[in-house]
Amino acid sequence: MPAPALPVPPSPTDIDRFQDRLLAEGYAGDTATDLGTRAVMATDNSVYECLPAAVLFPKRADDLNCIMRAAVETGIAIVARGGGTGTNGQSLTDSVIVDCSRYLNRIERIDPEAGIAVAQPGVILDELNRAAAEHGLFFAPTVSTASRATLGGMAATDASGKGSRIYGRTSDHVLNMEVALGNGETWQTEALDPEALNTICTQDDLPGQLHRLLRDVADDEREEIERVYPAMNRGLTGYNLRQLYDASGHFHLEKLLCGSEGSLALTRRLTLRLLKKPTHRALMVVGYDDPMSALSDVGRLAGAEPAAVEFIDDHILRLAKDDPIWADIRDVLDAPVGVQIGGLNFVEVQADSEASLDIVLARLNALPQATETVVSRCLVRDPFVIAQLWSLRSRCVGLLGRMDPTRQGTAFVEDAAVPPEALPAFVAGFREILDAHGLSYGMFGHADVGCLHVRPALDMRRPGDAAKLRPVSDAVEALARRHGGLIWGEHGKGVRGEYGPLVFGERLYARMCQIKAAFDPANLLNPGKIATPSPDEPLLAVDGVPFRGARDATIPAHLNEDFEKAVKCNGNGQCFGQDAFDAMCPSYKATGDRRQSPKGRAAMLRIWARGGADAEEIAPELHRSLETCLACKACASQCPVKVDIPQMRSRFLDEWHQNNRRPLRHHLLGLMETFAPVMRRLPLVTNTALSLAAPIMERIGLVHLPYVDPARRTTRSRTGRPGVILLEDTFTATWDGRVIEAASRLLDTLGYDVTRESASPNGKALHHLGRLRAFRRVARKALVRERALVGRGLPIIALEPAVLCLWRDEYRALRGADSPIQSLDQFLSREISRGALPELKSAEPNVYRLFPHCTENTSDPESAGRWSAIFSHFGLRLEGERTGCCGMAGTFGHERKNQEISEKLFDMSWAPRLKERDKGTPLATGFSCRCQTERLAGERPDHPVEALARQLVNG
39 MPAPALPVPP SPTDIDRFQD RLLAEGYAGD TATDLGTRAV MATDNSVYEC
89 LPAAVLFPKR ADDLNCIMRA AVETGIAIVA RGGGTGTNGQ SLTDSVIVDC
139 SRYLNRIERI DPEAGIAVAQ PGVILDELNR AAAEHGLFFA PTVSTASRAT
189 LGGMAATDAS GKGSRIYGRT SDHVLNMEVA LGNGETWQTE ALDPEALNTI
239 CTQDDLPGQL HRLLRDVADD EREEIERVYP AMNRGLTGYN LRQLYDASGH
289 FHLEKLLCGS EGSLALTRRL TLRLLKKPTH RALMVVGYDD PMSALSDVGR
339 LAGAEPAAVE FIDDHILRLA KDDPIWADIR DVLDAPVGVQ IGGLNFVEVQ
389 ADSEASLDIV LARLNALPQA TETVVSRCLV RDPFVIAQLW SLRSRCVGLL
439 GRMDPTRQGT AFVEDAAVPP EALPAFVAGF REILDAHGLS YGMFGHADVG
489 CLHVRPALDM RRPGDAAKLR PVSDAVEALA RRHGGLIWGE HGKGVRGEYG
539 PLVFGERLYA RMCQIKAAFD PANLLNPGKI ATPSPDEPLL AVDGVPFRGA
589 RDATIPAHLN EDFEKAVKCN GNGQCFGQDA FDAMCPSYKA TGDRRQSPKG
639 RAAMLRIWAR GGADAEEIAP ELHRSLETCL ACKACASQCP VKVDIPQMRS
689 RFLDEWHQNN RRPLRHHLLG LMETFAPVMR RLPLVTNTAL SLAAPIMERI
739 GLVHLPYVDP ARRTTRSRTG RPGVILLEDT FTATWDGRVI EAASRLLDTL
789 GYDVTRESAS PNGKALHHLG RLRAFRRVAR KALVRERALV GRGLPIIALE
839 PAVLCLWRDE YRALRGADSP IQSLDQFLSR EISRGALPEL KSAEPNVYRL
889 FPHCTENTSD PESAGRWSAI FSHFGLRLEG ERTGCCGMAG TFGHERKNQE
939 ISEKLFDMSW APRLKERDKG TPLATGFSCR CQTERLAGER PDHPVEALAR
989 QLVNG
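Anchor point for the sequence shown: position 953 equals 991 in this note's numbering, and the numbering is continuous, going up by one each time.
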């Protein structure tokens with residue numbers, strides 16, 4: 039196998055010439071050459087890193103034709119990019135990337151009667167399915183990256199996922215494609231009967247030439263194609279010669295384009311088949327004593343004709359227990375007492391009615407039982423729990439990123455597929471290969487179609503680990519072929535295209551090169567992957583593309599420690615989700631700029647930490663990106679590898695401002711807690727001064743500052759009662775004191791002797807601003823006080839989620855232990871569980887809706903459930919709302935420069951939910967959230983404790 043090098047990257051002069059040609063062709067999109075944008079595009083979900091010379095964001099479909107013509111004219115290679123979740127460098131290049139996700143992301147038409155959708159290539163799968171669901175329809179290929187995978191990218195890799203045994207691959211649902219061909223011409227594919235095909239073949243233009251060649255290849259090589267292409271669900275793609283003709287003899291060019299990874303044409307739009315969405319589902323979760331037992335049982339389970347059988351091993355199950363989603367699925371996945379679960383099979387059945395579902399379930403239950411190996415079995419019919427279980431399955435890729443404390447689950451042999459009946463033997467051989475190289479690993483995947491995802495744990499910064507990639511890849515490829523399968527069963531080829539000549543054989547591979555030469559004679563479309571215009575030209579190799587780890591190894595030790603999470607980012611892109619009601623990542627959702635995402639910020643942090651000229655160039659861009667981070671900490675828990683951007687933001691700002699002057703507003707915000715006691719003692723004077731100083735504050739950069747509303751000191755000692763300490767925080771005590779008063783009254787009514795400890799500085803703003811030395815001084819003083827409070831032996835309760843998170847996370851490094859301070863809902867929930875609360879019942883049948891603080895929602899996902907149970911205990915109904923960030927996030931929404939983002943976030947998520955007044959009275963746990971809602975919706979929602987106090991406290 040040759041050892042090719044990457045093509046020579048274009049020089050800045052080449053890019054200037056290319057941009058000039060683009061403009062001459064009428065290109066109307068954006069072009070980015072800044073290092074920050076290029077850094078974000080330099081990685082995907084693979085081990086590789088290639089810094090592109092430029093990134094194009096086309097605004098119109100015709101821009102793709104302009105790009106193609108300019109590329110041919112200037113000889114610049116171009117690579118189309120979808121969601122950036124490829125695991126094998128499919129969309130990486132050191133030339134020019136074409137990203138359709140920013141602008142070409144419209145669903146142009148849905149025809150419910152015909153079951154058809156017409157969409158641009160940048161549409162995200164989840165967005166299409168949300169729109170289709172309004173008509174009772176869905177796009178069947180289900181991939182775990184559905185929240186960020188684009189339709190163009192799915193077509194490029196011919197993606198498939200859960201349910202593919204029934205629904206097949208993306209190409210099975212692509213009716214036609216409109217593409218920009220290699221000469222810049224637009225072509226619309228369609229199903230061609232023999233007469234129509236022959237008519238096109240008589241043309242002298244490029245479409246005629248292409249159709250003639252493909253017709254001849256399909257006819258001349260029919261027997262070889264049948265021999266080489268495996269007859270299995272996860273068959274060969276890129277290039278899919280086997281399905282050029284359907285059973286009725288119609289010719290389908292789109293079958294060839296699907297799976298070609300942008301190496302033949304650029305996709306302008308897709309016409310897709312939508313199916314009727316099953317209305318009833320159930321999920322049987324079967325636990326086994328070991329992983330091989332689970333895999334050996336797949337054939338039995340598949341006999342019931344379920345929609346899917348998905349496998350998860352014990353490594354992933356252990357990791358899942360630290361994921362926020364575990365709270366919703368614990369009852370299903372927790373092992374019975376004394377039982378160790380070694381593997382799980384998720385068996386989903388679907389139907390269009392409850393009666394039909396019962397029939398399918400009866401068929402499943404009638405299967406002969408594998409009693410010796412099955413250790414647990416649970417049938418789930420609750421749609422929410424089913425959705426959460428599948429959400430766990432979709433997170434498996436990310437969970438493996440933290441399987442080993444010193445290494446990461448690494449994608450390079452993760453999607454091999456074999457005929458399902460060969461799967462147990464194949465997995466046994468796979469494990470032998472990995473064990474022989476001393477690698478730990480986790481396994482999961484589509485067991486019913488013989489495709490398992492395996493990510494061996496490697497630290498690609500270590501030369502010894504990186505050196506294992508080649509021998510393991512070669513061994514797994516050979517093993518898969520021996521069992522009648524493929525090393526690339528789902529995620530495309532990318533740089534693994536080097537195995538193409540081995541898999542296709544010399545004869546068919548030469549034909550593929552002939553096809554590549556006809557579509558792309560200058561080798562400008564994703565060069566070096568799948569095929570080259572001549573069999574003699576080299577393909578890229580799995581170890582011939584720069585490893586990101588080799589570059590990360592240059593990060594100095596002290597920076598590596600502080601920014602380790604940036605290095606751990608595996609590029610899975612979960613932070614690119616567009617669901618406004620999901621917490622991660624608000625700044626990306628508001629801007630659509632991938633530099634404003636955890637993945638983008640991690641990429642820039644790595645380049646900065648490596649030092650050198652690139653570090654100097656990217657530092658200002660990195661600073662601007664981190665300035666838009668709301669520090670909501672959703673990434674610290676929702677990101678599968680827990681890339682904590684707010685923590686690293688603070689550390690970077692601490693370094694940055696050692697050489698760059700801080701703005702005046704930073705100093706004012708840092709002094710806020712220092713002056714808070716004075717403000718609480720003189721609220722009228724403070725509020726008058728704030729009102730008069732508003733124009734000055736706006737010039738400084740601070741707007742909409744809240745007026746002081748301190749808590750009154752009204753508690754009295756109740757001897758003989760169990761005692762509790764209500765620890766006030768600066769924000770609630772100074773600007774929303776009524777919440778503290780309500781908590782004090784409620785606890786008093788419930789029979790507690792409440793000791794209120796007045797607020798003292800906690801350093802929240804200092805940490806956010808990156809004033810870490812000042813923060814540590816404040817935190818150490820706070821910890822002295824905390825230890826004194828703990829010494830009293832009473833429960834310590836606090837109210838503000840953001841401060842509780844600070845005490846739990848940021849203080850932990852200084853404290854060296856978990857926080858002894860609990861939230862009010864934690865305290866009341868425990869008291870209910872031990873029967874300590876009186877049976878007070880509200881006479882009013884009010885219905886409430888809880889809008890959780892986003893930090894609380896992601897770092898303590900059980901909080902909403904606790905509040906609901908507390909309200910239920912007192913005869914009240916509380917339902918949790920699914921929302922994203924409100925846009926305030928502490929001081930973020932009070933900075934003038936952030937107003938557009940802040941208000942947009944509120945309008946995206948909170949505003950529509952708040953308008954649904956008929957569903958119940960809104961409540962909000964976060965001070966920031968209440969402040970933002972009052973500012974933008976004109977009405978302040980109560981804290982849950984205020985609602986309880988109003989219902990239960992007399993007077």
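Simulated from the structure, these hints should not be mistaken for laboratory data. From a predicted model like this one, the values you see are computed outputs, not experimental measurements. Be aware that a few hints might be false.
What the hints assert, rightly or not - Simulated pairs of lysine-lysine, BS3-like, Cα-Cα distance not exceeding 27 Å: (1) LYS606 to LYS680; (2) LYS879 to LYS819; (3) LYS942 to LYS957; (4) LYS680 to LYS953; (5) LYS97 to LYS359; (6) LYS97 to LYS879; (7) LYS359 to LYS680; (8) LYS606 to LYS506; (9) LYS603 to LYS506; (10) LYS953 to LYS942; (11) LYS957 to LYS879; (12) LYS957 to LYS603.
Claimed, not checked - Restraint ranges, calculated between C-beta atoms of paired labels, are given here: (13) GLU917 to ALA171: 17 to 25 Å; (14) SER755 to LEU730: 24 to 32 Å; (15) LEU730 to PHE422: 33 to 41 Å; (16) PHE713 to PRO658: 26 to 34 Å; (17) PHE619 to VAL885: 40 to 48 Å; (18) ASP149 to GLY113: 37 to 45 Å; (19) LEU730 to GLU665: 49 to 57 Å; (20) HIS695 to GLY502: 46 to 54 Å; (21) GLY337 to PRO760: 56 to 64 Å; (22) GLY976 to SER755: 35 to 43 Å.
Here a beta-carbon is modelled for each residue, glycine too, at the ideal position from N, C-alpha and C.
Against the structure, the hints come out as follows:
1. Straight-line distance between C-alpha atoms of LYS606 and LYS680 comes to about 9 Å, which keeps the hinted pair within the 27 Å bound.
2. Only pairs whose Cα atoms come within 27 Å are accepted, and LYS879 paired with LYS819 is rejected, the gap being roughly 42 Å.
3. For the suggested pair LYS942 and LYS957, the alpha carbons sit about 24 Å apart, so the restraint of at most 27 Å is met.
4. For the hint linking LYS680 to LYS953, the alpha-carbon distance of about 33 Å lies beyond 27 Å, and the restraint is violated.
5. At roughly 43 Å between alpha-carbon atoms, LYS97 and LYS359 are farther apart than 27 Å, so this suggested pair is violated.
6. Distance check on the hinted pair: LYS97 and LYS879 sit about 59 Å apart at the alpha-carbon level, beyond 27 Å; violated.
7. Distance check on the hinted pair: LYS359 and LYS680 sit about 14 Å apart at the alpha-carbon level, within 27 Å; holds.
8. For the given pair, LYS606 sits about 19 Å from LYS506 by alpha-carbon distance, which is consistent with the 27 Å threshold.
9. Under the criterion of a C-alpha separation no larger than 27 Å, the hint pairing LYS603 with LYS506 is consistent with the structure, at around 24 Å.
10. For the given pair, LYS953 sits about 16 Å from LYS942 by alpha-carbon distance, which is consistent with the 27 Å threshold.
11. With a C-alpha separation of about 22 Å, the suggested pair LYS957 and LYS879 falls inside the 27 Å cut-off, and the hint holds.
12. Distance check on the hinted pair: LYS957 and LYS603 sit about 41 Å apart at the alpha-carbon level, beyond 27 Å; violated.
13. Taking 17 to 25 Å as the suggested C-beta distance range, the pair GLU917 and ALA171 conforms, at roughly 22 Å.
14. Separated by about 41 Å at the C-beta atoms, SER755 and LEU730 break the suggested range of 24 to 32 Å.
15. Checked against the given bound of 33 to 41 Å, the beta carbons of LEU730 and PHE422, roughly 51 Å apart, lie outside it.
16. Separation of PHE713 from PRO658 is about 32 Å and conforms to the stated range, judged on CB atoms against 26 to 34 Å.
17. Distance hint check: the CB atoms of PHE619 and VAL885 are about 20 Å apart, inconsistent with the given range 40 to 48 Å.
18. At roughly 42 Å, the beta carbons of ASP149 and GLY113 sit within the given window of 37 to 45 Å.
19. In this structure the hint that LEU730 and GLU665 lie 49 to 57 Å apart at CB is violated, the actual value being about 29 Å.
20. The hinted window of 46 to 54 Å between HIS695 and GLY502 is violated, with their beta carbons roughly 39 Å apart.
21. Remark: the range hint 56 to 64 Å for GLY337 to PRO760 is upheld by a beta-carbon distance near 59 Å.
22. Checked against the hint of 35 to 43 Å, the C-beta distance between GLY976 and SER755 comes to roughly 40 Å, which is consistent with it.
Of the numbered hints given earlier, the model fails hints 2, 4, 5, 6, 12, 14, 15, 17, 19, 20; all others are met.
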